[in-house]
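Peer 1: Sequence:
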Amino acid sequence: MLTGKKILITGATGLVARSVAETLAEHNEVWCLGRFSDPGTARRLAERGARTWRWDMAVDTLDGVPDDFTHVLHAAVERGSGDFEDVVAVNSVATGRLMTHCRSAEAFLFVSTSALYAPRALDHLYTETDPLGTESPWLPTYPVGKLATEGAVRALAVTLGLPTTIARLNVAYGPHGHGGLPTIFFRQMLAGEPIAVPHAGQHYCSPIHTDDIARHVPRLWAAAGTPATVVNWGGDEVVGVRDLMTHVSELTGVPVDFVPSDVTRAVGAYDDTRRRSIAGPCGRTWREGVRQTIAAHFPGALDTTSRI
Numbered sequence: 001m002l003t004g005k006k007i008l009i010t011g012a013t014g015l016v017a018r019s020v021a022e023t024l025a026e027h028n029e030v031w032c033l034g035r036f037s038d039p040g041t042a043r044r045l046a047e048r049g050a051r052t053w054r055w056d057m058a059v060d061t062l063d064g065v066p067d068d069f070t071h072v073l074h075a076a077v078e079r080g081s082g083d084f085e086d087v088v089a090v091n092s093v094a095t096g097r098l099m100t101h102c103r104s105a106e107a108f109l110f111v112s113t114s115a116l117y118a119p120r121a122l123d124h125l126y127t128e129t130d131p132l133g134t135e136s137p138w139l140p141t142y143p144v145g146k147l148a149t150e151g152a153v154r155a156l157a158v159t160l161g162l163p164t165t166i167a168r169l170n171v172a173y174g175p176h177g178h179g180g181l182p183t184i185f186f187r188q189m190l191a192g193e194p195i196a197v198p199h200a201g202q203h204y205c206s207p208i209h210t211d212d213i214a215r216h217v218p219r220l221w222a223a224a225g226t227p228a229t230v231v232n233w234g235g236d237e238v239v240g241v242r243d244l245m246t247h248v249s250e251l252t253g254v255p256v257d258f259v260p261s262d263v264t265r266a267v268g269a270y271d272d273t274r275r276r277s278i279a280g281p282c283g284r285t286w287r288e289g290v291r292q293t294i295a296a297h298f299p300g301a302l303d304t305t306s307r308i
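The sequence shown maps to residues 1 to 308 in the UniProt record's numbering.
Since the hints were derived computationally from the structure, they do not count as laboratory data.
These figures come from a predicted structure and were not determined experimentally.
In this text, a Cβ means the ideal position worked out from N, Cα and C, and glycines have one as well.
This list has only true hints and no planted wrong ones.
SDA-like, lysine to any residue: derived pairs with alpha carbons at most 25 Å apart:
id	residue 1	residue 2
1	Lys5	Leu160
2	Lys5	Pro66
3	Lys6	Gly64
Taking CB as the label site, the calculated pair distances span:
id	residue 1	residue 2	range
4	Thr3	Thr246	37 to 47 Å
5	His27	Thr285	18 to 28 Å
6	Phe258	Asp38	28 to 38 Å
7	Gly40	Gly151	33 to 43 Å
8	Thr159	Pro260	39 to 49 Å
9	Pro198	Arg35	33 to 43 Å
10	Thr3	Asp63	22 to 32 Å
11	Gly280	Ala58	32 to 42 Å
12	Arg51	Ala118	35 to 45 Å
13	Pro119	Asp38	30 to 40 Å
14	Arg276	Asp63	39 to 49 Å
15	Arg120	Phe258	16 to 26 Å
16	Ala46	Arg187	23 to 33 Å
17	Arg97	Leu190	38 to 48 Å
Could you put the whole structure together from the sequences, leaning on the hints where they help?
Peer 2: What follows is the structure, given as C-alpha cells:
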C-alpha cells in the first residue's frame, strides 16, 4: 500500500485513472488534472479527498501546478479525429512538459496502449518485444499519437533521470467513464446494431478491470527505471470478443448480432509473464467484472425477468 505520498494524476475523469485517484486519495495527497467538463466529476473526486485542477493538455501550461510530486500517473490523451499532426504534437508536447515539470518525482507512469503493436494472428499473445505498428482502422490517429509519445517518454526518462514505466494497456473496463469495450458494444446491442468481427475467427483480448488497474499502479511505479521499463498491462485471462459479448447477451437477455467486416475494433491478447512478475495477479475474473460493469452503467439491465 502506498501512503503519505504526493501524487499527480492526469485523465482522472476517465475510465482508467478515476478508480486510481479515488483509491490512492484515501492515504495520500492526490491532485487530479483534467478538463472537468462535468463539474459533478470534480465534486465527486473532491468528496473522496482528491484535489482538482483544470488542465487542457492541448493548450494549457502547468503554471501554478506544484512540482514536488513524488509519483505521477499520466493517463490523459488526445485521441484525435483524423489530424495526425495535431495528435502527435498535442500528446508528445504535453507529456514532455509534464515530465519536465515533475522531473524530481520518484516515479512516472505513462499509460500507453496495445493498439501500437503490428497486427499478428488473431490468437497471438503479444509480448513486449513484438514488432510495433500503427494500424487501427477504427481510430487511425490513436496508436500514432501513443507511439510518438512513447518516444518522447523514453527520451525524457533518460535525459531527466526520471524513473519511468510505460504500461501498454489492454482492454480496460469498469464503472467509470465510458465503461470500456463491453459497454461500448452493449450500447450497440441495445440500439439493434451489429458488432463488426473478422471474417474468420475472433479477436482476443486480455481485459482488465479498473479495480485491478488501481491495485497495480503502485507496483508499476516501483518498477520504474531509466531507461524506461516497458510492460504489457492486461488481465490474467484471455477472452474472445465474440465470447465476451455473447456472455453479456446471456446476462442481459439482449440479442447480439455479429457481422463480418474488414473494419473492426481490433484488439489483441497478451502474454502476461512480465506484468505478473511486476504487479502480481489480478483480483477480478472477467465474468465477475463484466457483470459489475454492466450493472453500474445500465441499472436494471441484469433483470432479465422483465423481458420473459
